[in-house]
Structure formats: structure tokens, C-alpha cells
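Construct all of the structure, not just a fragment, from the sequences and the given hints.
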Amino acid sequence: MISVIVSTYNRPDALRLVLLALVQQDAADFEVIVADDGSADETKQVVDSLRSKVSCGIKHVWHEHADFRAATIRNKSAALAKGDYLVFLDGDSVPRASFVRRHQELAEHNYFVVGNRILLSSVFTASVLRQQLPLHQWSNWHWLKIFCHGQINRFLPILPAGNFYPRYLRRTKWQGAKTCNLGIWKKDFFAVNGFDESYSGWGYEDSDLAIRLIRSHVLRKDGHFAAPVFHLWHPENSRNREQVNYQKLKEIESSARVKAVHGIDQYVGV
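In the numbering used here, the protein residues as written are 65 to 334.
Just so you know, these hints were derived from the structure itself, not from any lab. Where hints are given, some of them may not hold.
Estimated spans, in silico, between C-beta atoms of each pair [what the hints assert, rightly or not]:
{"hint": "1", "residue 1": "L144", "residue 2": "E169", "range": "39 to 45 Å"}
{"hint": "2", "residue 1": "K117", "residue 2": "P221", "range": "27 to 33 Å"}
{"hint": "3", "residue 1": "Q307", "residue 2": "E169", "range": "36 to 42 Å"}
{"hint": "4", "residue 1": "F219", "residue 2": "E317", "range": "32 to 38 Å"}
{"hint": "5", "residue 1": "Q196", "residue 2": "H288", "range": "41 to 47 Å"}
{"hint": "6", "residue 1": "Q88", "residue 2": "A320", "range": "16 to 22 Å"}
{"hint": "7", "residue 1": "T236", "residue 2": "S116", "range": "41 to 47 Å"}
{"hint": "8", "residue 1": "L283", "residue 2": "F219", "range": "24 to 30 Å"}
{"hint": "9", "residue 1": "M65", "residue 2": "Q196", "range": "39 to 45 Å"}
The beta carbon of each residue, even a glycine, is placed where N, CA and C say it ideally should be.
In C-alpha cells:
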């Protein structure tokens with residue numbers, strides 16, 4: 065079983081599109097967990113309105129907002145996951161209808177899977193949100209037309225490559241591994257103690273996780289040309305703690321540490 069963990073904070077219009085796409089997946093045997101970093105009540109209303117439309121239901125894990133704590137809310141959500149495989153997805157990144165099935169096909173022991181994202185323009189995003197357009201249903205031909213009008217940054221990664229794409233060339237490369245679209249076996253995630261919650265504010269908690277996974281001999285597998293997501297534009301998040309977090313990342317990179325100091329173990333058995 066797969067547990068799809070969707071992180072969000074106060075973007076109910078975007079979250080609704082993501083959840084609608086998950087409701088209409090062409091796969092079965094998965095659950096959805098909304099990892100909510102302290103949103104207002106409108107987010108809960110969106111979750112409640114769609115909860116019954118997923119066979120395994122939608123869990124809503126919420127904590128009070130105190131700066132950007134994506135690592136913390138993802139750990140709390142993963143601790144409640146029933147699946148033996150986790151897929152992390154951002155609440156502003158809309159998957160295609162084949163997303164869960166593709167991650168099922170890509171899952172491989174001793175690997176974590178890094179998917180890619182397609183960036184939407186600000187103008188196009190505004191239109192998508194206003195009209196609640198079903199991006200997950202659109203054909204490749206439709207996306208090609210959108211690309212030709214300059215409303216997305218790339219088109220080719222939308223196309224499936226089947227078994228022809230070299231998925232193991234970057235097995236030990238942590239750079240560019242983002243948790244907006246990442247699959248991992250739960251046992252491997254727990255073995256490194258999940259995300260390190262000492263990262264507060266924007267930046268580098270996903271890189272930290274990738275470094276520790278590779279160090280524990282769980283290597284990177286590219287999910288490009290298989291399970292893309294469509295990233296809705298938003299203003300850049302505050303980066304007031306970027307340098308502090310970057311320093312933490314350099315420390316973990318130069319150390320031999322595998323397990324997060326402040327990780328998921330604090331929520332196990334609670």
C-alpha cells in the first residue's frame with residue numbers, strides 16, 4: 065500500500081486541485097494524508113469535502129503554525145501512515161491521473177525515487193485556480209499547446225519514456241532531490257529517522273534527507289519522464305533562515321551522520 069503525504073499551508077484552492085487529482089487516480093490501494101503546517105479552517109473544509117471520495121479516506125494531520133515547519137508536519141504524517149511506501153507531494157503540485165500507479169511501478173528496494181515537476185507561469189496559475197481547471201485530465205497534446213503559448217517551462221518531461229530512460233545514472237547525487245515529488249520505502253525513511261526537524265524556515269531539509277539516505281546505501285533513482293507534477297506558481301517563500309539551514313546542510317555533508325537528531329522517532333508509539 066502507498067501513503068501519499070501532501071504538505072500544505074493556507075492554499076486551499078491549490079490543495080483542492082491536488083486532492084481532486086488524487087481522488088481520480090487510475091490506481092487502487094493507496095491512502096492520502098494531508099500534512100497541514102497550521103492552515104486556517106478553509107483547508108479543513110476542502111479536506112472534509114473530498115474525504116469520502118478516496119477508498120482509504122483522507123487523513124488530515126494539523127499542527128499550529130510556527131514559522132515554516134515542513135519537516136515536522138511531514139514526520140508527524142509519516143508516523144501515521146499505513147502504507148509500506150511513502151510518496152511525498154507538495155500541496156501546490158498537481159499530479160496526473162497515473163501518478164500513484166507510476167510510483168508503484170518505479171518503487172524498488174534500496175532506492176528512493178525523485179520525480180520531476182513542470183512549472184506553471186503566474187498568469188496561467190491564476191487562471192487555473194480561478195476556474196479550478198482539471199490539469200490531471202489533460203492530454204499531452206493539450207499540454208503541448210500550453211507550452212507553445214509559454215505558460216509552462218518544459219514539455220518533454222511530461223512524455224513517458226517507459227524503460228528507455230536511464231534511471232540509475234545519478235544514484236549517489238543528492239543535489240536536486242526535492243520532496244515535492246519523492247517516493248521512498250517507509251522502512252528506509254524510518255531507518256534514517258525521517259526529516260531533521262532542526263531545519264526551520266525555508267530550505268535544505270530535503271537535501272539533508274537525501275544525503276543521509278545515500279549514506280545509508282539507499283540510492284537515488286530518477287522518476288523523470290514517468291510521474292511529473294504541475295507546480296502552481298506562488299511568490300517566493302521567505303528565505304530569512306536560508307543561510308542558517310545551509311550551514312546545517314554543510315555540517316551534515318561533512319559528517320558521517322545517518323540518522324536525524326530531531327526526527328520521526330519522537331512520534332512513534334505516541
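Quick one: which hint numbers does this structure break? Sort them smallest to largest. Numbers 1, 5, 6 and 9 - these are the hints that the structure violates, sorted from lowest upward.
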